[in-house]
Each structure stands twice: as C-alpha cells, then as structure tokens.
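Given these sequences and hints, build the entire structure.
Residue numbers (the numbering used here), protein chains in the order written: chain A, 1 to 316; chain B, 1001 to 1324.
Just so you know, not all the hints are guaranteed correct.
The calculated SDA-like cross-link candidates involving lysine to any residue, where the alpha carbons are at most 25 Å apart (straight line), are [stated by the list, open to error]:
{"no.": "1", "chain 1": "A", "residue 1": "Lys224", "chain 2": "B", "residue 2": "Leu1073"}
{"no.": "2", "chain 1": "A", "residue 1": "Lys224", "chain 2": "B", "residue 2": "Pro1056"}
{"no.": "3", "chain 1": "A", "residue 1": "Lys312", "chain 2": "B", "residue 2": "Gly1154"}
{"no.": "4", "chain 1": "A", "residue 1": "Lys229", "chain 2": "A", "residue 2": "Lys312"}
{"no.": "5", "chain 1": "B", "residue 1": "Lys1022", "chain 2": "B", "residue 2": "Met1001"}
{"no.": "6", "chain 1": "A", "residue 1": "Lys229", "chain 2": "B", "residue 2": "Leu1055"}
{"no.": "7", "chain 1": "A", "residue 1": "Lys229", "chain 2": "B", "residue 2": "Leu1144"}
{"no.": "8", "chain 1": "A", "residue 1": "Lys312", "chain 2": "B", "residue 2": "Pro1101"}
{"no.": "9", "chain 1": "A", "residue 1": "Lys224", "chain 2": "B", "residue 2": "Arg1121"}
{"no.": "10", "chain 1": "A", "residue 1": "Lys229", "chain 2": "B", "residue 2": "Ile1129"}
{"no.": "11", "chain 1": "A", "residue 1": "Lys312", "chain 2": "A", "residue 2": "Leu302"}
{"no.": "12", "chain 1": "B", "residue 1": "Lys1237", "chain 2": "B", "residue 2": "Leu1190"}
{"no.": "13", "chain 1": "A", "residue 1": "Lys229", "chain 2": "B", "residue 2": "Glu1079"}
{"no.": "14", "chain 1": "A", "residue 1": "Lys312", "chain 2": "B", "residue 2": "Val1102"}
{"no.": "15", "chain 1": "A", "residue 1": "Lys229", "chain 2": "B", "residue 2": "Thr1120"}
{"no.": "16", "chain 1": "B", "residue 1": "Lys1237", "chain 2": "B", "residue 2": "Ser1304"}
{"no.": "17", "chain 1": "A", "residue 1": "Lys312", "chain 2": "A", "residue 2": "Glu210"}
{"no.": "18", "chain 1": "A", "residue 1": "Lys54", "chain 2": "A", "residue 2": "Leu27"}
{"no.": "19", "chain 1": "A", "residue 1": "Lys54", "chain 2": "A", "residue 2": "Glu28"}
{"no.": "20", "chain 1": "B", "residue 1": "Lys1280", "chain 2": "B", "residue 2": "Asn1008"}
Bear in mind the hints are in silico, worked out from the structure with no lab data behind them. Everything numeric in this text was worked out from a predicted model, so none of it was measured.
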Amino acid sequence: MIAFLLRRIATFLATLAIASVVIFAALELLPGDPAQIMLGIDAPPDALEALQKKLGVDRPVVERYFTWIGGLVVGDMGESFTYVMPVSDLIMTRLGVTLPLALLAALISVVIGVPVGLYAAANHKTPRDYGVMIFGQLGIAIPNFWFAILLVLVFSIYLGWFPAGGFPGWDAGFWPAIKALILPAFSLAIVEAAIFARISRSAVLDVLREDFVRTARAKGLSRKSTLVKHVLRNAMIPIITICGLELSSLLVGTIVIEQVFNIPGLGRLVFQSLTQLDLMVVKNLIMLLVALVVFINLVVDLLYAVIDPRLKHQGH
Amino acid sequence: MLQVKNLNVTLAGATRDISIVKDVSFELDAGRSLGVVGESGSGKSMTALALMGLLPGAIRASGSINLAGQELLALSEQEMCSVRGNKVAMIFQEPMTSLNPVQTIGRQVAEPLILHKGMTRAAARQEAIRLLDRVGIPDAARRLDVYPHQLSGGQRQRVMIAIALSCSPKVLVADEPTTALDVTVQRQILDLLRELVSETRMALIIISHDLGVIGEMVDEMLVMYGGNVVERGQADKVFAQPAHPYTSRLLEAIPRFGMSRSERLKTIPGTMPEIGSEMKSCIFAGRCDLVCADCLQAPPPFVSVDDAHVAACIKAGRVMETVQ
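Right under this line is the structure:
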C-alpha cells in the first residue's frame, strides 16, 4: 500500500513539473514583449521599461522559470498589473467562492444522479427505467446557462427565494453566501446529475451481469440486499472516475455560470485576465487549475485502491 | 426427499411460449447423488436454476419441485430466499468470477450463516474458519481476511463449496463444478464433494457435460437432449448398457486411453434441434442411425428396460443389444 501511495504521489509531482514547463513555455512563445503586450503599443517608454524590469524580461529564460517556481513554492505569485494586488491574494479570494460553488454543485449532482441511476438499473427495461433515461437525455442536452436563466426566472423573479445574481462574500455570513450559490450550483449540477445517472445505471447493470451476483442470490439474499451489499461497491469504480472528471469540468464550467450570475469567482477571473492580457494572473491561474485537476485525479486513484483490493496488491 | 415431477421451463415469448425444459421428473434421497448429463443447450443448467428458483428474466418453471414436503414452486420470492443457501445450495462453473472481488473470503462464507442462522458476526467468523478448514483451505484462520484474487481457482472453488455447505443444505446443486479447473484439481474437488455427501447426508445433483465426472461420482443419472430427458437410470447400468441411441453415441465419443493415433474419435453427426422447436417426432430422429417411420410419427414414450431404467426410445431394446 505504501509503495502504491508513493508511486502515485511521484506521478502527481512529475505531472505538475511537466505542466509548469508547458505553461511557462507557451507564454514565452507569445510573440513580442510581455510588457508591451500588457501595456499596449501606445505605452510611454518609461512605463514600459519599469514593467519590463518588474517582470524580469531582461533576465535569462531558465532563471525566470525557476524564479517563478521558487515563488510558487513559497506562495509568491507576483503581482497583477490590472488589479494591482498580489496574484496569490487575488486567486485565494476567488478560489474561496469557486471551490465551494464547484463542491456544492458536485454534491448536488451526486446526491441526485447516483440514486436515480440505481433506481433505473434496479428497474431495468421497465417504463421507470425508460422515464429516467429520457430525463437524463434532456438533462445532458440542455445547456447549463439556459437552465440558469430558467432557474433565475422561477426562483428569483417569481418566487423571490434566492438572489438572481451577485455574491455578498463570506463576511456577510454563511447562510446569505450559500444562498447566493444555490442557483448557480443547481445550474451546474443538472447536466452532471444526468451524466451521473447514466453512468451509475450502466455501471450497476454491468455488475449485475457478473457471476458473483448469482452467487449472492444463491446464498439467499434478496434482490435488494444483493444490490446494496454486493453490487454497489463493485459499481463504485466507474462512478468515482466520473466524479473526478466532473469535479474538474465543474471548475471550468464555472467560467460561464459565474458570468451569468455575476459571481466574482475563479471562472470570471480566468475570463477577465485573459481579455485584459494580465499574463501574471493567467500563468498562475492556469497552473492552479492544472494542479487542482491533477490533485483530483490523485485522490480518485487512491480511492480506487480503497474500493478494490485487487489494485492494492498490484505489483506485489 | 427431493421429488421433481413434470418440471417444465418456458420462456414467455411475444407470440408464443418457448419450451426450454420439458417434463423432467426424478426423485433423490438424502445422501444420494444424481448426475445430469447433456451437451450445451440441452437444458441441464436451466433445470438447475429452476431448482434454485433463480431462472433469469421472463423464464418460468411449472410442475412440481417438492423438497421434504415443501413445494418450492409455490413459494413467494421472499419465502424462496429463506430456502436458497439454506436448504438448497448451489456451486457454479466459474470459481474465478463467482466470488465477490471486493469482499474478504471470511465475510462471504459468513454471510449465509448470519442471514439464515441468525449468527452474530463473531460466531459466523468462527464457523467460517471451521468450514474453510473442512473444505481443505490450509491455514483457514489466516485466510479469512484475504480476497478472492489472492487464491487459486481450486481454492476458490473450495471457498464456494464452504459457502454452499455453511447452512447444512439438504440438497447441493453443482453446475459443472470442475469444468474450469486443472485436471489434478478437478480430482481433488470431486473427492471433496464425495466425502461431504457421505459425511453430511445431503443429496447431490451434479450437472456436467463430462461423462467421466458423472460416471465416478453419482448413483443415478439423467441424460438430457434438447430440453428432454432421454434416459434415466442407475449410473452404472446406464454406463454398462445404454438404452437410448444418444447415450450410446455419447459414450462412444469418450476418448479412451490407449487408442491408436489413426483411430478417430467418434462424433455424433448433425446438431441438436434448436431450443423451442416444436417436435412432432422423436427429438433425436434427425441424428439417429436407427431411425424408422414410427420414430417420425410421434415423440416416443419412456420404455422401461430394467428396474428404474427408462429410455425415450421405441428401439431401446435393440440399442441395448448392440452395445453388448
């Protein structure tokens, strides 16, 4: 188990190292001088020179790369020139909005999607199953921003239960902040829940065809206990895999939804810093997103080993 | 103790019902064993699943399965759950996939004990050690916490047998129990089953396409062909003097030790009629070299050739003579 753990952590670190080189190189390859790009062609020469010095463009590439990495390790990401504040502070504030949003959306989608998928599988080839599949298909087909608008119309404008947009910040108290995240979270979750329902349905159906399910029934277990005691855990592997992918895509999905709900999160920061060519922010932000996605995958890998003992003993 | 009468297994189709197993009848006493032989598709596995009440999908059983006075086909699904694994147990062909890969051996052996005998987890665990030890798993107490993938195929089949034995069933159904195993391991598993039958007085039903397995294991045998029983009788008598041409040809098809290389294995030309085909003649007529006009008129009745030895063939007498 420890060897397994060390191997996975080594892979994690190696992936991050390669990603950092790629991100750094991509921004290096941008034509022209970053300071010039940031300030525009009409920039006064002294401002340009000051920024160049600050960015360190005059120093060798390798040195700049390691300065960046060294900074990342101690949490120093440089300064945003559009927001005029340390990039790390900026990202942390935004992450404090987006991470809870993504997690809330993931939670909602799992809580709705997985039981619905189980229900469909347990009623395979009956009208209930077909009903679930039709709703699932619809859920996947509806773009989440359209669903967001619909939710705002019903729950903010007609019913007035939730705010239509904006985010009061965590300083405003836990409940008001969560309340502002509920509609965006549901808009994000609906597609994911539909995907979860389909994946869990087919995962359970696959396991139901296995010989050990027949053994469980031959022992005298009812259909329901067989499902709960023997099928579910075996069906968890594909479900956990999708969980990881969904969480990653939710982080990216916030780019659109945060625009719709006007929420100052990471997604909006990605959008704004890209349009404003705030390269310092872009570079660190992409690195952070990569790190989050790779980290999620690491957790998923570790969960596999917890669920399936066969993986733990691999290579012994 | 176990009486099966006119067991029919049918698949309810959209336009008509398709018959998979027709009119299977037999009786089996405690401590006795019955072999069911036939090629794949002969309905032998469906017969086994019908005994367990585990027929898949839209397949239904009718007739009578009476176990020690209890009519199994009349039981509700819930009542049948308390019979399965308790009074009737089953082991399967594929030991590699028949155990749950994410549960320890101990838990899987203990499960029926907790379910049917109301044992506590700790008591069931102790009993599981005893059972694993009985079926020949070395160092049973330590093996309790391993997972199926850490055991060999033969050991997994032993674990399956331990699970099946756990509640001291009256009947054990073994569906091709050794087919997936190495020859030396096959021998050990068969020996174990034989010991257990004489020790526990349970009745054993072995389903196999392997006449070698059946021949040395069972007291009585059923030969199935296309969903029908074609011959039934004491195993040694059927082997010595088959009364149905199919059985006879089946026995000729067994390779013998010392056959010369030039000698070809005998095969039965033709194929078995498809399941559910309506037969107005003898079901074996198409492949039989004794076929005559009468064979094509109607399905043959059972002809009694000896004490409790019957064959569904109007020429049973002639078949027996030719073997001699």
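Taking only the CA atoms, is the gap from Lys229 (chain A) to Ile1129 (chain B) under or equal to 25 Å?
-> Judged against 25 Å, a Cα distance of about 22 Å means the pair holds.
With a cut-off of 25 Å on the C-alpha distance, tell me whether Lys1280 (chain B) and Asn1008 (chain B) pass.
-> 18 Å, holds
Below or equal to 25 Å on CA atoms is what counts here, so check Lys229 (chain A) against Glu1079 (chain B).
-> Satisfied, since the Cα-Cα distance of roughly 20 Å is no more than 25 Å.
Between Lys229 (chain A) and Thr1120 (chain B), does the CA-CA distance stay at or below 25 Å?
-> 17 Å, holds
Straight-line Cα separation of Lys312 (chain A) and Leu302 (chain A) no greater than 25 Å?
-> Since the Cα atoms of Lys312 (chain A) and Leu302 (chain A) sit roughly 9 Å apart, the hinted pair holds (cutoff 25 Å).
Between Lys312 (chain A) and Gly1154 (chain B), is the straight-line Cα distance small enough, at 25 Å or below?
-> 23 Å, holds
Would you mind confirming whether the straight-line C-alpha gap from Lys54 (chain A) to Leu27 (chain A) stays at or under 25 Å?
-> 17 Å, holds
Given the hint that Lys229 (chain A) pairs with Leu1144 (chain B), test it: the Cα-Cα distance must not exceed 25 Å.
-> 18 Å, holds
Straight-line alpha-carbon gap Lys229 (chain A) to Leu1055 (chain B), limit 25 Å = Judged against 25 Å, a Cα distance of about 21 Å means the pair holds.
With a cut-off of 25 Å on the C-alpha distance, tell me whether Lys224 (chain A) and Leu1073 (chain B) pass.
-> 21 Å, holds
Holds or violated: Lys224 (chain A) with Pro1056 (chain B), Cα cutoff 25 Å?
-> 16 Å, holds
Is the straight-line distance between the alpha-carbon of Lys1237 (chain B) and that of Leu1190 (chain B) 25 Å or less?
-> 21 Å, holds
Comparing the model with each numbered hint stated earlier shows that all of them hold.
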